[in-house]
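Visitor: Generate coordinates for the entire structure from the input sequences, incorporating the hints supplied.
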Amino acid sequence: MSAFRSGGAYSPGRMAAATESGSNTALKRVLAVAAILALLVALWEGYKLLGRATGGTWPFTELEMRPRPGNNSMPHVWDVVAALFGPHRRGGDPLILVMASAVLFTLREALVGFLVGGAFGFALGVLFVRSQATERAFMPYVVASQTIPIIAIAPMVVIWGRQLDVPSWLSVAVIAAFLTFFPVAINTVRGLRSPEATATELFHSYAASPSQRLWKLQVPAALPYIFTSMKISASASVVGAIVGELPAGFGEGLGRALLNYNQVFAADPTKLYAAVLMAAMGGIVFVGLITLAERFTLAGRVREASL
Amino acid sequence: MDFIVDAQQLGKTFEGKAGTVEALRGIDLQLEPGEFVSLIGPSGCGKSTLLRLIGDLLQPTTGSLAVNGKTPQQARIEGDYGIAFQKATLLDWRTVQRNVELPLELAGVEAHARAARTDELLDMVGLADFADHHPWQLSGGMQQRVAIARALSQRPPLLLMDEPFGALDEMTRESMQQELMRIWRDTATTVVFVTHSIPEAVFLSTRVVVMSPRPGRITDRIDIGLPQPRDSGIRESERFFELLTQVREQLRSSDSVS
Amino acid sequence: MSSRRLIPPVLAFAGVIGLWEAVVRLFDIQAFILPAPSAIWTAFIETWEIVWSYGFRTLMEALGGLLGGTVAGVLIAGAVARWSTIRLGAMPFSAAVNAMPIVATAPILNQLFGLTSPVSKMAVVAVMVFFPVMANTARGLAEVDPSELELMRAMAASPFTILRRVRIPNALPFFFSAMKVAVPLSLIGAIIAEYFGGPQDVLGQYITNRAQLFQFPDAWAAILVASLLGIGMYSIVLLAERLFMPWHVSLRLQA
Chain A
1 MSAFRSGGAY SPGRMAAATE SGSNTALKRV LAVAAILALL VALWEGYKLL GRATGGTWPF
61 TELEMRPRPG NNSMPHVWDV VAALFGPHRR GGDPLILVMA SAVLFTLREA LVGFLVGGAF
121 GFALGVLFVR SQATERAFMP YVVASQTIPI IAIAPMVVIW GRQLDVPSWL SVAVIAAFLT
181 FFPVAINTVR GLRSPEATAT ELFHSYAASP SQRLWKLQVP AALPYIFTSM KISASASVVG
241 AIVGELPAGF GEGLGRALLN YNQVFAADPT KLYAAVLMAA MGGIVFVGLI TLAERFTLAG
301 RVREASL
Chain B
1 MDFIVDAQQL GKTFEGKAGT VEALRGIDLQ LEPGEFVSLI GPSGCGKSTL LRLIGDLLQP
61 TTGSLAVNGK TPQQARIEGD YGIAFQKATL LDWRTVQRNV ELPLELAGVE AHARAARTDE
121 LLDMVGLADF ADHHPWQLSG GMQQRVAIAR ALSQRPPLLL MDEPFGALDE MTRESMQQEL
181 MRIWRDTATT VVFVTHSIPE AVFLSTRVVV MSPRPGRITD RIDIGLPQPR DSGIRESERF
241 FELLTQVREQ LRSSDSVS
Chain C
1 MSSRRLIPPV LAFAGVIGLW EAVVRLFDIQ AFILPAPSAI WTAFIETWEI VWSYGFRTLM
61 EALGGLLGGT VAGVLIAGAV ARWSTIRLGA MPFSAAVNAM PIVATAPILN QLFGLTSPVS
121 KMAVVAVMVF FPVMANTARG LAEVDPSELE LMRAMAASPF TILRRVRIPN ALPFFFSAMK
181 VAVPLSLIGA IIAEYFGGPQ DVLGQYITNR AQLFQFPDAW AAILVASLLG IGMYSIVLLA
241 ERLFMPWHVS LRLQA
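As they're listed, the protein sequences go chains A, B and C. 1 is the number of the first residue of the first sequence in the numbering used here; add one for each residue after it. 1 is the number of the first residue of the second sequence in the numbering used here; add one for each residue after it. 1 is the number of the first residue of the third sequence in the numbering used here; add one for each residue after it.
If you're looking for bench data, these hints aren't it; they were derived computationally from the structure. It is possible that part of the hints are untrue.
To be verified - Derived list of chain C stretches under chain A, where covered just means 3 residues or more per stretch with a C-beta under 8 angstroms from a C-beta of chain A:
#	segment
1	44-57
2	180-192
3	218-229
Stated by the list, open to error - A short, non-exhaustive set of chain A residues, derived as facing chain C with CB atoms under 8 angstroms:
#	residue
4	Q163
5	S235
6	V238
7	I242
8	F265
9	R295
10	T297
What the hints assert, rightly or not - Cross-link-like lysine to aspartate or glutamate pairs, in silico, EDC-like; alpha carbons within 20 angstroms at most:
#	chain 1	residue 1	chain 2	residue 2
11	B	K87	B	E174
12	B	K70	B	D132
13	B	K87	A	E196
14	A	K48	A	D79
15	B	K70	B	D28
16	A	K216	B	D132
17	A	K216	A	E201
18	B	K70	B	D2
19	B	K87	A	E201
20	A	K216	B	E170
21	B	K87	B	D2
22	B	K87	B	D169
23	B	K87	B	E179
24	A	K216	B	E105
25	A	K216	A	E294
26	B	K70	B	E35
27	A	K231	A	E294
28	A	K216	B	E174
Cβ coordinates follow ideal geometry from the N, Cα and C atoms, glycine included.
Guide: Here it is as structure tokens:
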């Protein structure tokens, strides 16, 4: 049946072409990212090279190069990588393993809060859509809560919690829950209301119950919005966890690790760089897992062309 | 229970921020089973509103309305009609198959029966090969065919259509009209079809109902006595052009009535 | 928002504050468990000068980083929008950086730019702000309606004219929506960057120091200042948006 001559943006012909170049684009994307990383490494080493050549001043001037390009403050990229696989202290385990466990420690705290906050945020969103009265009453508070710099007060919350005999990991989890709860609630409401008017009319024409409409129309429509806000909240939760660990440098998380390696910077700068690298990987993996979950859940829908 | 749609002095007024809007006034319309009736009129004449009143998606302000011998609400709850909009409104997270079986799923039909009926429907609209595709992979015309299949899933006696081909190009439109004629004959449903297009109304219908600008009233009911089955050759017949002119003139004169 | 609609939330807010105060007094709750609103207000008034001067320093860090990150972001966005090969790598790279805890680089930037210098904090903020601004602006510059581009080409417009008359106006809404994220982020970024060490006369350090001495009313007063600064900065973005994009549909709908 060739009754689709109109084509439109998504005619099967176009679709076939798109899938063919799909794997091509993925490869190109990986290469492009690798190229950017290579460029950054080149800039780093190039800066250091320049510093070695001019003795630490900008060419043709007496101005000192800031930051200092010497190995004491800007180690070579390969030295940092080497430090990762070397012992974390004299006779100790490899730094990479020590950091990995620090990452897991921090992620665990963030994850608990993140999941709980997300679940409650979703529930609140559903409640708001079901009951306009509740929404009118409480939405201003939800919006207002966004003005409090929650991440910024993480250390204070941990100290406060300790006064109330709340274990620090729980305070951090509560912070992560707060960081997730409100944005997820707001995005859930937006997503639940996103279907077009004709879709709601369609469900009305089928005499669908409110709960059928919720689970078969509104929630599937809301999932992209919810995932987007969860990715942002995930990243914020990790930051909140790290910052929350700082005041007493408690536990064996990333906060403690960063403080430790900061202290030995003068003796060995590579360790701090390596630690920061691992912290970065931790965040990327966390958000990466959510992105995978997103890809799986939203499979089949049109994926917005991300250039 | 002779009439499948029986509207008597039907009126609809909207109260809004911009004041009161009288969309429909004094609508008297009786439809016999098996008819194909087009509602045509200028923008804002209330034809879509009338369609939604029949579907109990809106409630009348005055007058009475019976659908399939019941109140519109009863008819809606018992699934006596299927509806198709200008936007196909397919759920983009479901495959074509799952989209077509949506009404059956909501009505609690079990999976095996659903699958069988869906296969039947997809065959009828010629999309059996696309059952596992997603809406974004289909062209506009194909999406509308899925929407029509979905509308017919519960074998309703009445089919309501709100400019379903309005967003398609002319050639696709004509082939879809052909399709619709075949489906109408095969399923023996009554169709209420809202359109802007005079040729479309004349080609498809057994009767064309012309409406005036707001407040919408019925200014004429024109019987289309063209032979069945309607094939594309009819578009070039003299009688077709005569009827086109008749409808056009009726529209023009009702336009100046307001 | 009409003033009438504001009344119920405002009344409710006043009610909550009143209840809070009553509960603290009634149960004689210690300040280190839950400070009373009156105690916070007193602290706010008494420490007014300190808290606002520290707030000013933190604000400077935030603004410095905001400026650097935004300028860099817009410039790189231009390059990214121009060359699609760069764009292919830049977007996933930007997403990855957004996923990582950028504040973890604060200790390194402290070492590189000096612990006591505000520049190290500005650097953290600049990195945080750079990526959302770059990604959004690049999208706005690149994702132009193809028919607009065709129209321009039909009129033999130069690439520069196209940039000025089509791409930049198209990018403005994207830019402003990035700024709405970047501006609050800059203030928060400055505060948490301060936690990794540096001069003590800044808001972040003040909050933590007061908390460690269990002077929670003082800490909350400082947080109040931080919130007010954030709201102020955000309002300026909204004003700027209205100024630069009076035609935008979303604003018209609000009015």
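Visitor: Confirm or reject each hint.
Guide: Now the hints, each set against the structure:
1. 44-57: violated (count 0)
2. 180-192: holds (count 5)
3. 218-229: Coverage by chain A holds for the segment 218-229 of chain C (4 residues, Cβ < 8 angstroms).
4. Q163: Interface hint status for Q163/A: holds (5 angstroms vs cutoff 8 angstroms).
5. S235: Since chain C brings a Cβ to about 5 angstroms from S235/A, closer than 8 angstroms, the hint holds.
6. V238: holds, 5 angstroms
7. I242: Since the shortest Cβ distance to chain C is 6 angstroms, the answer is holds.
8. F265: For F265/A, the interface hint holds, since the closest Cβ of chain C sits about 6 angstroms away, which is under 8 angstroms.
9. R295: violated, 13 angstroms
10. T297: violated, 18 angstroms
11. K87/B to E174/B: holds, 17 angstroms
12. K70/B to D132/B: Distance ~38 angstroms between K70/B and D132/B Cα, so the pair is violated.
13. K87/B to E196/A: holds, 10 angstroms
14. K48/A to D79/A: holds, 13 angstroms
15. K70/B to D28/B: The hint holds at about 17 angstroms.
16. K216/A to D132/B: Judged against 20 angstroms, a Cα distance of about 19 angstroms means the pair holds.
17. K216/A to E201/A: holds, 14 angstroms
18. K70/B to D2/B: holds, 12 angstroms
19. K87/B to E201/A: holds, 12 angstroms
20. K216/A to E170/B: Status violated; Cα separation ~34 angstroms.
21. K87/B to D2/B: violated, 32 angstroms
22. K87/B to D169/B: holds, 14 angstroms
23. K87/B to E179/B: holds, 18 angstroms
24. K216/A to E105/B: holds, 10 angstroms
25. K216/A to E294/A: holds, 18 angstroms
26. K70/B to E35/B: holds, 19 angstroms
27. K231/A to E294/A: Roughly 10 angstroms between the alpha carbons, so the hint for K231/A and E294/A holds.
28. K216/A to E174/B: Not satisfied, since the Cα-Cα distance of roughly 34 angstroms exceeds 20 angstroms.
In summary, the structure is inconsistent with hints 1, 9, 10, 12, 20, 21 and 28 from the numbered list given earlier, while agreeing with the others.
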